[in-house]
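Novice: So you can see what is in the structure, the chains are spelled out below.
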Amino acid sequence: MGKVKCECGHVNPNGTILCESCGRALTEKAKQEKFVDMRYEGSARRSQTYNKTIIDKVWNFFSSVKVGIWIIVLLLVAASFGTILPQEFYIPSNMPAEMYYEDVYGQFGKIYYMIGFHDLYNSVWFSALVAALGVSLVIASLDRVVPLYRALKNQRVDRHESFMKKQRLFAEQEGTLQASEIEKIKVKLAKKRYKVRMENGALLAEKNRFTRWGPYVNHVGLIIFLLGALLRSVPGMYIDELLWIREGETLQVPGTDGAYYVKNNEFTLENYEEGEDPEVFDEAIDRVGTVAKNYQTDAILYRDENNELPGAEPELTEVQAKSIQVNQPMKFDQFAVYQTSFRQDEMKAMHFALTNKETGEEFGEIVVDLFDQQESYDLGSGYKVELRGYYPDFDGFSESGEPVSKSPLPNNPAFLFNMITPETPDGEMSFAQIRNTMEPLGETEYKMAFKNLETRDVSALTIRKDLTLPILAVGGIVFMIGVIQGSYWNHRRLWIREKEGRIYVAGHTNKNWHGLKREIHSVLNGTAIPEPEDRQKD
Amino acid sequence: MDKKKKRLYMRAAILAVLAGLVIYALYTNVTKESRGALEAGDKAPDFVLTDLKGETHQLSDYEGKGVFLNFWGTWCEPCKEEMPHMEKLANEYEGQVEILAVNVGESDFQVNNFAKQYGLTFPIAIDSGKEVMDTYGVDPLPTTFMIKPDGTIDQIVIGGLIQEEQVRALFERVKPSS
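Chains as they are written, first to last, in the UniProt record's numbering: chain A, 1 to 538; chain B, 1 to 178.
One chain only, chain B, in its complex shape (with noise of 0.2 Å):
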């Protein structure tokens, strides 16, 4: 080969071996914040979890039906308006979407004090190591992971839900086509 061209070849793939080296350290210095996040899209990842009544809950039992995950805490004003239309509507999606409801690592007395009063039969666990929450990179609450019957995430939703029908949305997403 011409030497001329030799030289231009080798010069290019040396810069573009440095160009590669730069654009990976400057890509995942812009995404260090967001690394391991989850998106819509992605696998949910499994856990496993305890109920106030000692039920175990596997995520991957779920296969097949819908899942709506809901965090928690009991001092979120948000979440306190959001937890009746989970109520009404777990009820009325039975066998189709579930609720899984997480605290945030509160206390047993604060958790059933506050199903209690609001009068929740759903399921309710508290992830006293906030293991769960840490991998799901929950931040603020309530952030509700919307859960398709084959187990992949549909939407995350940050925020409460003040409608009954912006839930019901939600749930008619993920109930499994029959």
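If we strip away everything but chain A, and leave its shape as in the complex, we get (with noise of 0.2 Å):
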């Protein structure tokens, strides 16, 4: 297989069906034909060529267009089978998913764990298929521009006759070209924006050629923009971490190697009241109860100036004061943090009264923090309560008869205190809960009787940095860019030439025909040159 010279002398790549030159026809089939076809100018499409080593059959394989639309296909129906249950990344976190899609969507949800839909898109072979769907867009653009590239820079303004004889639009009639016809159309067509080019008396007008790489524009923007989501997943570039924090704490900002903590000075929930505006939300207020009106944390952000090692004592300097709200998010370096979620009245501090169980008098009260306890508590006048015990979780005793915690969260508190009054000078033992106190050390005069519960609201706040963004959106503009210059504008050539006493007249266009012979119409109109016709009734 070699190349094939065309009989005007140009030497044209194997598998070319039109001369890039000429535009003879050089295959058998295209020269039975009765119109060229023109969409890559009868250029030799790549993959169509050779066909023998492996790389060979993996191009022809991606370069495919009916392939890329079947990987396109795939993709959305696999994309939407995620869309059916929600996504691991949404599920609550207090349960495992392995439990919660069984419990919560029954024999269903249990297959669609197993078949891995949970977690549809960061799967594998989802990945794989976005990837082929990239490699298919690269190697299918590449086999077309290149060739239709070097089709257009080579093309010929005296175009054999055979050529115009097989376009859309063509006329031919006996005559002489002119020269004062010819400068007279070149004007009108200059006037149209046409690039005139006149070669052996023959003349080429085109316009408008670089809207035939829209969709190879097109293709790299999409290409940038699957870059741009393959950068996600670089260290560094795509941070998304959820903190949840109690009012008044401080705590490190996950994602920032703990260079920033954050404060959470208070949570605020506020609902929309009756009549506050009653058109807009009486009615929803009656259907549902509340309404929410503004999820708000007050938040301070602190660098820390002595972050060298792990562990080492923080030393905070303020940077901000915010109050974060939905779509309200504090900003800092390229950290985005947003308000997410909320917990109410998770347990703070509890309130116990050392109590005479007999006669009922109280000797005072003491307030254990449930995140920092004391050892003891003095309560004056020779009363003094000791905690012996904190089990934040309590579940029970274990063989031993220790009292046992089934994790360090506040949701069971239990104490295990010893009272010291006048009368009990070594002590008695109270074990305490909520609504409940028992004597495990055998029966007491006194008991720590639970008087209050102190509360506080738990946020949740997003941490969120995306460096890709600016990729995307440079992805999208391009695409954007492709889009436009590929369906705005139309790629026009008029064609005309005298040969042995006959002048030919063909025009082409990618589109809107119309408009093309409007356009040759006003320029030939009033000449002695043939107008071409329409020989494709549509």
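Be aware that a few hints might be false.
Unchecked claim - Chain A is faced by these chain B residues, among others (derived, beta-carbon under 7 Å):
| no. | residue |
| --- | --- |
| 1 | 10 |
| 2 | 11 |
| 3 | 22 |
| 4 | 49 |
To be verified - Simulated pairs of lysine-lysine, DSS-like, Cα-Cα distance not exceeding 27 Å:
| no. | chain 1 | residue 1 | chain 2 | residue 2 |
| --- | --- | --- | --- | --- |
| 5 | A | 52 | B | 5 |
| 6 | A | 5 | B | 175 |
| 7 | A | 348 | A | 293 |
| 8 | B | 6 | A | 153 |
| 9 | B | 4 | A | 5 |
Hints were generated in silico from the structure; no laboratory data involved.
The beta-carbon is built from N, C-alpha and C at its ideal position, and this holds for glycine as well.
Both chains are given apart, each in its own frame, so use the hints to dock them into the complex.
Specialist: Okay, here's the thing in structure tokens:
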């Protein structure tokens, strides 16, 4: 297989259908067709040429538009499966996914989880499909844009009459071209922004060739977009973390490597009151009870000046204070902190009163902070309470009789107190919970009576950083430029030549034939040059 | 060069670049979960913590000695089981292998109470901001990092060490060869 040399002398790449230079049909099939196929200017689509090595085979597979469309269809279908049930990322975190899906959605949920659809968009096969689409885009584009560019660059002005005869817009007539007429139409064509070239007495007027690159620019945009998405998995490019922070707490901002701390001063949830805006909200309030107006975390951001080593005592300097509301994030560096969720009334501290069981007399109240307990609480005049044990998530007693906490979270706090009074200087033991006291070491005269509970809200903040956004934006813009470039202009050409006493006229456009016809009409009107006719009635 | 050959090389090069990108994308996707996690052979990240007695401990100060770096919580049952073994061997291997027990951010009272109850004398520090815990990527408790005298991680043990012999074997592995 070698080059194809045309009668005009131009050497074409193997597989060429129409000579790049003069336009003569080079294949038997093209010679018999009524119209020439102008989609890629009859150029040699590279994939169609060689099919020997494995590399060629892979290349040919991905260069096929048919394959590309199949990949898109598969992606659409696959992506839709992920929307049937919520993805793993969105389910409550207090339950393992394998139990959650079966519990909530039954047998279907179990199968859904087993197939792996609960984390579909991160699955290897889904990523592989997206990757296949990217590869298909690159190869299919390269396979077409290179030969098309070559063909348009090499095209000659004086095309062979056989090429012109097979154009959709064509006319021929006896006669000769008048130099004065040529000059006149040249002016007219130039006014319509055609680039006019003359060679050997033949004329080629062409405009808007750039519109032919539209689809490829569009593909470049898509590829930039996919690369941007790929960059998300590069460390440091994309951070999306969740931080649960109680009122009053100061915590490290995850994702910042300890450089920043955030304090939650207060979390506020406001609802619309009935009558506040009756027309808008009263009906909804009647129907659903409450309508939220505002979720807000009053936060202070600090920078840690002593962040050399993990664990080092932080030295905090305030950077900014901000009321974070939904869609009103706190921004710093490349980070944004969003209000995401909340939990109201988490237990914070408990009040107990040292009480004489018989008389009911109280000898003072102690407040035990569930996050920072004291060893003893002095009530004065010989009354004192010692804390002997704290079980934040009390879950019964072990075999050895020791109270057991099943987690460090204060879900069901229990305390072992030693009560010292003037009458019981050695102390008495009381095991106290919210509404219950026990006497594990025998009958006592006093008890720790539960009085009160202090609660506070917990706010969930999302910390997000996304350096890929500018890349995605560029990809999107390039994509749109490609769409516009390919949609709003037409690549139009008009050929006029005289040969052996006959005038040949042909026109071609990649779309909007009507527009081309009108333009040709206004250019050729009033000349002896015949107007090409549309031979394909649609 | 022959054009056909040139084209083949061109195609091979383009496909290679694409394949590289695809493999990278799939690889980072698959390893997303475990990325940044420490493994045996890695350098143990340095940190500094203050123990219950108010003494500061910086990991790099222990170079030349083995370190038994243990993350624990007072509610965790297996932690309770391994503590007595740790206490015993800490004394036996004094000067050779040091124990550093890092509590995962509970209150002073709870940790002190626990230390008293089990009679623990080795340094115990509270990682109140969970910074060290995050740095070491600790999830289930207890997790123990055995750190060699040169500061690299010899082994990561997840779960309780029920037998004294298990603990002893770990100590033996990281004690400095004299």
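Novice: It remains to establish, for every hint, whether it holds in the given structure.
Specialist: Results for each hint:
no.: 1; hint: 10; verdict: violated, 9 Å
no.: 2; hint: 11; verdict: holds, 5 Å
no.: 3; hint: 22; verdict: holds, 4 Å
no.: 4; hint: 49; verdict: holds, 4 Å
no.: 5; hint: A:52 / B:5; verdict: holds, 12 Å
no.: 6; hint: A:5 / B:175; verdict: violated, 81 Å
no.: 7; hint: A:348 / A:293; verdict: holds, 26 Å
no.: 8; hint: B:6 / A:153; verdict: holds, 22 Å
no.: 9; hint: B:4 / A:5; verdict: holds, 17 Å
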